[in-house]
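Participant: If you want the building blocks of each chain, they are given just below.
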Amino acid sequence: MSAYQLDVVSMDGPEFSGNVQKLLLRTIAGDVEILARHMNYCTSIGMGTAHVVMEDGTERTAACIGGMLSVMNGICRVLPTTWEWSDEIDLDRAKAAKEKAEKALNDAKLDAEARVRAQAKLYRALVRIGSASSGQ
Amino acid sequence: MAANMKAVKLRIKSVETTMQTTKAMQLVAASKLRKAKEKADASKPYLKTLKDTLTDIAHGNLDFGSPYTKPGTNDKWLYIVIAGDRGMAGGYNSNLFKFMESETKGRDITVLPIGKKSVEYFKHHHVPIYTEAYAEVARVGINDCFELGRLICKAYSNEEFGHIFLCYTNFISMLSQVPEASSMLPLSDFIETDGSREYTKPRDLILYEPDSETVFNEIVPEYLAGLLYSGINVSVASELAARRTAMEAATDNAEELIEKLNLYYNRARQAGITQEITEIVAGAEEL
Chain A
1 MSAYQLDVVS MDGPEFSGNV QKLLLRTIAG DVEILARHMN YCTSIGMGTA HVVMEDGTER
61 TAACIGGMLS VMNGICRVLP TTWEWSDEID LDRAKAAKEK AEKALNDAKL DAEARVRAQA
121 KLYRALVRIG SASSGQ
Chain B
137 MAANMKAVKL RIKSVETTMQ TTKAMQLVAA SKLRKAKEKA DASKPYLKTL KDTLTDIAHG
197 NLDFGSPYTK PGTNDKWLYI VIAGDRGMAG GYNSNLFKFM ESETKGRDIT VLPIGKKSVE
257 YFKHHHVPIY TEAYAEVARV GINDCFELGR LICKAYSNEE FGHIFLCYTN FISMLSQVPE
317 ASSMLPLSDF IETDGSREYT KPRDLILYEP DSETVFNEIV PEYLAGLLYS GINVSVASEL
377 AARRTAMEAA TDNAEELIEK LNLYYNRARQ AGITQEITEI VAGAEEL
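Chains A and B supply the protein sequences, listed in that same order. Using my numbering, the letters of the first sequence map in sequence onto residues 1 to 136. Using my numbering, the letters of the second sequence map in sequence onto residues 137 to 423.
Treat the hints with care, since some could be wrong.
Claimed, not checked - Listed below are the simulated DSS-like cross-link pairs for lysine-lysine, each with C-alpha atoms no more than 27 Å apart in a straight line:
no., chain 1, residue 1, chain 2, residue 2
1, B, K252, B, K241
2, A, K121, B, K175
3, B, K206, B, K241
4, B, K290, A, K121
5, A, K109, A, K95
6, B, K184, B, K290
7, B, K290, B, K206
8, B, K187, B, K290
9, B, K184, B, K206
10, B, K145, B, K396
11, B, K252, A, K121
12, B, K396, B, K149
13, B, K159, B, K173
14, A, K109, B, K290
15, B, K175, B, K252
16, B, K184, A, K22
17, B, K206, B, K187
18, B, K187, A, K22
If you're looking for bench data, these hints aren't it; they were derived computationally from the structure. Model, not experiment: these values are computed from the prediction.
Use the sequences and the hints to build the structure in full.
Facilitator: What follows is the structure, given as structure tokens:
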């Protein structure tokens, strides 16, 4: 299968640069898979697990949240808000974050803004837990 | 004379203790600075690509009308001011506040302070504060920046403010840090070309999903969050550099002071000895 150049640059600096066969991730409009020779394309990223199939056929997964995906002239750029490879995710921390967020959401006195914040934290934790377990 | 000598000795000791503190602070700031500088540089490629994409979208659409690019509807200004949590950093905080004063003269402003010093200053000067949720700059992480990005986008869309500015200290070099203010919203510079990119060529055809405006409006809060995060990182690096320079100067001054005091102490000691000898000789002659 032919490969193409993929660059992943997050706010903390470059995360990945190299040739890959495919990239599957969740955008705000649903899941998309980018293969080689994709047309010029741009969308913003939702929350989900990204699957990257490397040139040698091995697959790596990552928790990918927010940001933007663009394909320009054969080069695919992913600019996520956060990008964590599954094998680098601290599962215990993610689980602790999930429990904390759930506890906060169960509190009836929580105001609307804090509720939204807790909900976002819960989603993030769930995505990280999901990505960590899919990478094993 | 003896009492005077004791006072000088004590003073030397106290200056020495101060010097130890300033020396330690200098070393800590210097070692933290390298990491902070790397962090500040790391977000640059991300911001550049996001900005280029936003510019491409804004120019690719002739009937483009995102709420974030429209000029502000009222004359209220929101300033996000990033200062430090602590003092002892030379003119880092005061330079920023002085700059803010001259920048905002005659404007109807509200501030969103980041950093304890910033909160203190604006409270003291009775400037209306938008929120105090981000008082400690050391605790503001990437997630807080995204929250803040969404918050200011909402405030702008609800027409609470007509202009949103970010005020921070730019890191020029190890020895020079300059306070700056940059516009966050409206994003008028995406419509006017700054001359660095030519838009006369036929454009590349790009497929936007679901559509270009939705993508643009989704990316704007991220971009602002990125600007904020990078502003905070640059400010932190500036603060450390300022502290390092200030503490270096303080250590040098302490060294100089100790030298002077030592000289004074030795002179006083010598004078004491001379006086004693004179007394002894005078006494012997009497006999």
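Participant: Determine which of the earlier numbered hints do not hold for this structure and return their numbers in increasing order.
Facilitator: Nothing - there is no hint that the structure violates, so all of them hold.
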